[in-house]
Amino acid sequence: MKKNFETRHALVIARREVNNYFNTPVGYIFLAIFIFFVNILVFLRFWETGKNIQLLFESFHIPFLVFIPAVTMRLWAEEKKAGTTEILFTLPMSTIEIIVGKYISAMFLLILALSLTLPVVGIAVYAGSPDFMVIIGGYLGAIFMGGAYIALGQYISWLFAEQTVAFLVTTLVFFVLYATSFLSTMLFNVPALALVLGWLKDLMAFISVSWHYESLSRGIFDTRDILFFILFTALFLYLNWRSIEKSR
Amino acid sequence: MQVQDLIKNFQESKKVTTVLLVALFLALNYLSYGIYLRFDLSQEGQFRITQASKNVLRNLQDPVIVEAFFSTDVPPAFVQQIKNIKDFLKEYAANSRGKLKLLFLDPDNDKDARERASALGIQPTPIGQLDVKKQEFRSAYYSVALSYGEKTETIANVLQSRELEYELTARIRKMSNPQEKRIGFLTNHGPFQLFRGQNIPLWHTMQSFTQRVQLLYGDIMQIDTNSQEIPPEVSVMLVIAPDRFSELDRLRFDQFLMRGGSLIVAASPMNVNLQNFMASVGNTEAQEFLRHYGIDTGSDMLLDLASRGSLPWLQQIDFFTVQPLPYPFWILIGRSGLNQEHPIGEGLFGLFVPYTSSVKIDGNVVSAEKGFKTTFLAKTSAETIAKQNFVFLDPRQVASMLETFEETRTDYQVAVYVRGKFPSYFANRPLPKDAPKDFTLQKEATADATIVALGSPYVFTDLPVVSVIGCRECLEANLSFLLSAVDVLNGMEELAQLRKKQKLAVSQRAISKTQQDILTFLAYAIPLGILVGYGARRVMRRKKLSREGVSVMVRVQGGSHG
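Here the protein sequences come in this chain order: V and X.
Count along the first sequence starting at 1, add 571, and that's the number in this note's numbering.
Count along the second sequence starting at 1, add 7, and that's the number in this note's numbering.
What the hints contain is simulated information worked out from the structure, not anything from laboratory work.
A couple of the hints might just be wrong.
Heads up, simulated SDA-like pairs for lysine to any residue below, C-alpha to C-alpha not over 25 angstroms straight-line [claimed, not checked]:
1) X/Lys520 x V/Tyr592
2) X/Lys550 x V/Tyr592
3) X/Lys93 x V/Pro596
4) X/Lys550 x V/Leu626
5) X/Lys550 x V/Ile600
6) X/Lys90 x X/Trp210
7) X/Lys93 x V/Ile600
8) X/Lys97 x V/Ser781
9) X/Lys97 x V/Val583
10) X/Lys93 x V/Arg795
11) X/Lys550 x V/Asn594
12) X/Lys550 x V/Lys817
13) X/Lys97 x X/Gln58
14) V/Lys817 x X/Ala30
15) X/Lys550 x V/Arg795
16) X/Lys61 x V/Met704
17) X/Lys97 x V/Arg795
Here are a few chain X residues that sit away from chain V, every Cβ distance over 12 angstroms (derived from the structure) [what the hints assert, rightly or not]:
18) Phe46
19) Thr57
20) Ala101
21) Gly105
22) Gln214
23) Asp250
24) Gln282
25) Asn290
26) Gly341
27) Phe379
28) Gln404
29) Asp524
30) Ala532
Using N, Cα and C, we set each Cβ at its ideal position, and we do this for glycine too.
The whole structure should be built from the sequences, with the hints applied where relevant.
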């Protein structure tokens, strides 16, 4: 097994994974459902709130909780179930190249999904006067947030042999991460819990992915948020690598 | 040797490395809060400090102390907002070149801070949650106090602050500039009121404007010039749709202008009756008074056919289609219609002017040669009709009315600015009979006076919130325009610059319900069409490749048989 990293090897894996998505209707269905839900959430209030483009970026949160687990669940779990993991590791590629390749494929799907929301931007430009830096920041933030979720989802996918279980666990974990700020509010509202767990709320807000996305989606580029996403992604890609290495 | 083995084992231990990495993740994130960079590239510029604020801060004689009282234990829903406010305050202090000292205090855990807050009159804000230990409802501090010398100003709840930078800079400017300035309002002269009340329609109340202007200038003084003088501390007088303007009123306003006061007049000779939906010429006394100062408000009502103002009612176009009723009496002036070169209009995005008359500057009375500065502030589009003396305002009759109109279409000014030393209205007139006996007329102006005249009093009102053109944003646009005018007339042009930061995206394009449905449909259809198209192309390509593969196989097999 190679130890070094070659980008072309990662890209070969990425291409194979992307083809897998689109060789069956699954990839198309995921994307269609994502667009459908995003549009529903946007157009619930879009015309009534003065064609506010911010709604688009706010609407990514909930569809991400389902879309990304659907994309990442098969990254490892399918290989494990089909028994192709060992074959994959016999290829003249390093584990890191394979992990990064799979990650790139999921990121490609994410960026594709986001680019399919561009008609909403077009409508906002036609009907109003949106802030272009908010649009750029919103998409960049969504890519960072999605990238962090994908790294975590990919790691969880390694832990399970069943895609359904991987999907459910990932969705649950994402929900907890997304909702930590709401959960901490709930805890805070229960007096007895607030006494015991009050100190937790800052930490819970801090690890909430949506908390870090909020500034970016308003066109504010803060190194703290970007660093959080990069470190979060790197940590789970590393943990994925560690887990694979350990199991071999 | 043993130590080296230990280090080697330590490094090779996967568990330890993993734990170390998680710790590193947390530590780096924690450290990043000490050293960070932030670029606010949004139009709104929440974290950008404007040059106006920098100038005010850097030109201070003495340092300003900003004490920020924030409870540590706040509801999680406010954590992000408080972080943003703290970050903003740090940014604000960093741009002061040492002229602003920032202190963060937690009155919940610091007795001195609690006492200091109390001394400043700062009380915690109830947050509606029960404290189990104390068996009482909890409250938290979100306040900021500014001290300059012996003067202090407080912002009781910064979470509710819409324009924190404006509020800070305005207060610092106010404290460092000892001249007290007040705003006056001509009361008992018409239906328009500063506050909402029973039996006062929304279109006659100026509550939103009043609340905002009072933040900086204190309570608006209600002055009836029929019975009292304009106090010397009043720098700007508001005259909104007066239903009369007696000789005594004129005398007091004239003398106010002679001493260099500023006047904002929003009045039209046209009396708008929204119960009967008609407008006709009403009291023209204010019109006559203004004419003396070179401002001519027309006895007309403007209809801007290019403006996309519309009413909350829908009209039936055909069996399937309804759309908002276009209403050209409600004029939405875009950025291009505002004078961007004047500090009042600079950087603003729009002005909503319902039921307005035209306003002209009479060059024979006030001109640059006579030492006056004159300019328009807002004008309608070139597709505007002026209906003279009488007009029906019924939205259902607008379409038929427009067919019969033969008036020429052109642009009209609806807000103007005139500044200079005006001649006294009473220079060649006798004093009013009811003038005080010992009254001494000042015939010559001692300082430049300013008049801002608008053709519609409704610019000041909360009317935009009842329309469907938007239009909380329209109300915000109007407030920005009016508050900028007040700031500029008070000699605080730099504060008006701060208003550029506000988000005033007044959309110029009206989208009918049918268009909305089509656009919404496209948002669904375009991506789904792309997906289906790409999928079909891919399937066909794969089938083709598959067929080619079979034919090659057949040829290969046929060849081998041959």
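Hint-by-hint comparison with the structure:
Using a Cα cut-off of 25 angstroms, the hinted pair X/Lys520 and V/Tyr592 is violated, with the two alpha carbons roughly 38 angstroms apart. For the suggested pair X/Lys550 and V/Tyr592, the alpha carbons sit about 17 angstroms apart, so the restraint of at most 25 angstroms is met. For the hint pairing X/Lys93 with V/Pro596, the CA-to-CA distance comes to about 49 angstroms; that exceeds 25 angstroms, so the pair is violated. For the suggested pair X/Lys550 and V/Leu626, the alpha carbons sit about 41 angstroms apart, so the restraint of at most 25 angstroms is broken.
A distance of roughly 21 angstroms separates the Cα atoms of X/Lys550 and V/Ile600; the hinted pair therefore holds under the 25 angstroms criterion. Between X/Lys90 and X/Trp210 the alpha-carbon distance is near 39 angstroms, which puts this suggested pair outside the 25 angstroms criterion. Proposed proximity of X/Lys93 and V/Ile600 is contradicted: the alpha carbons are some 44 angstroms apart, above 25 angstroms. For the hint linking X/Lys97 to V/Ser781, the alpha-carbon distance of about 24 angstroms falls within 25 angstroms, and the restraint holds.
Of the pairs offered as hints, the one joining X/Lys97 and V/Val583 is violated, with about 48 angstroms between alpha carbons and a cut-off of 25 angstroms exceeded. Proposed proximity of X/Lys93 and V/Arg795 is supported: the alpha carbons are some 15 angstroms apart, at most 25 angstroms. With a C-alpha separation of about 12 angstroms, the suggested pair X/Lys550 and V/Asn594 falls inside the 25 angstroms cut-off, and the hint holds. For the proposed pair X/Lys550 and V/Lys817, the alpha carbon gap of about 42 angstroms is over 25 angstroms, so the pair is violated.
Note on X/Lys97 and X/Gln58: the hinted pairing holds, with a Cα-Cα distance of about 16 angstroms set against a maximum of 25 angstroms. About 20 angstroms separates the Cα atoms of V/Lys817 and X/Ala30, which keeps this hinted pair within 25 angstroms; it holds. For the given pair, X/Lys550 sits about 50 angstroms from V/Arg795 by alpha-carbon distance, which is inconsistent with the 25 angstroms threshold. At roughly 24 angstroms between alpha-carbon atoms, X/Lys61 and V/Met704 fall within 25 angstroms of each other, so this suggested pair holds.
Annotation: proposed proximity of X/Lys97 to V/Arg795 holds, straight-line Cα distance about 15 angstroms (limit 25 angstroms). Once the 12 angstroms rule is applied to beta carbons, X/Phe46 is inconsistent with being away from chain V; the minimum gap is 5 angstroms. X/Thr57, annotated as away from the interface, keeps every beta carbon of chain V farther than 12 angstroms; the closest lies near 16 angstroms. Annotated as non-interface, X/Ala101 keeps its C-beta farther than 12 angstroms from every C-beta of chain V; the closest such distance is 15 angstroms.
For X/Gly105, the requirement that its beta carbon stay farther than 12 angstroms from each beta carbon of chain V is met, with the minimum near 25 angstroms. The Cβ of X/Gln214 lies farther than 12 angstroms from every Cβ of chain V, with a closest approach of about 22 angstroms, so its non-interface assignment holds. With a least CB separation of 35 angstroms from chain V, X/Asp250 remains clear of the 12 angstroms interface cut-off, as annotated. With a closest Cβ-Cβ approach of about 29 angstroms to chain V, X/Gln282 is found to remain outside the 12 angstroms limit, as its non-interface label requires.
Here X/Asn290 stays apart from chain V, with its beta-carbon at least about 37 angstroms from theirs, past the 12 angstroms limit. Distance check on X/Gly341: its Cβ comes as close as 10 angstroms (rounded) to a Cβ of chain V, failing to clear the 12 angstroms threshold; non-interface status is violated. Against chain V, the non-interface label of X/Phe379 holds: every CB pair exceeds 12 angstroms, the least being about 36 angstroms. The non-interface label for X/Gln404 is consistent with chain V: the shortest C-beta to C-beta separation is roughly 28 angstroms, beyond 12 angstroms.
Not every beta carbon of chain V lies more than 12 angstroms from that of X/Asp524, the smallest distance being close to 10 angstroms; the non-interface claim is violated. The Cβ of X/Ala532 does not lie farther than 12 angstroms from every Cβ of chain V; its closest approach is about 8 angstroms, which violates its non-interface assignment.
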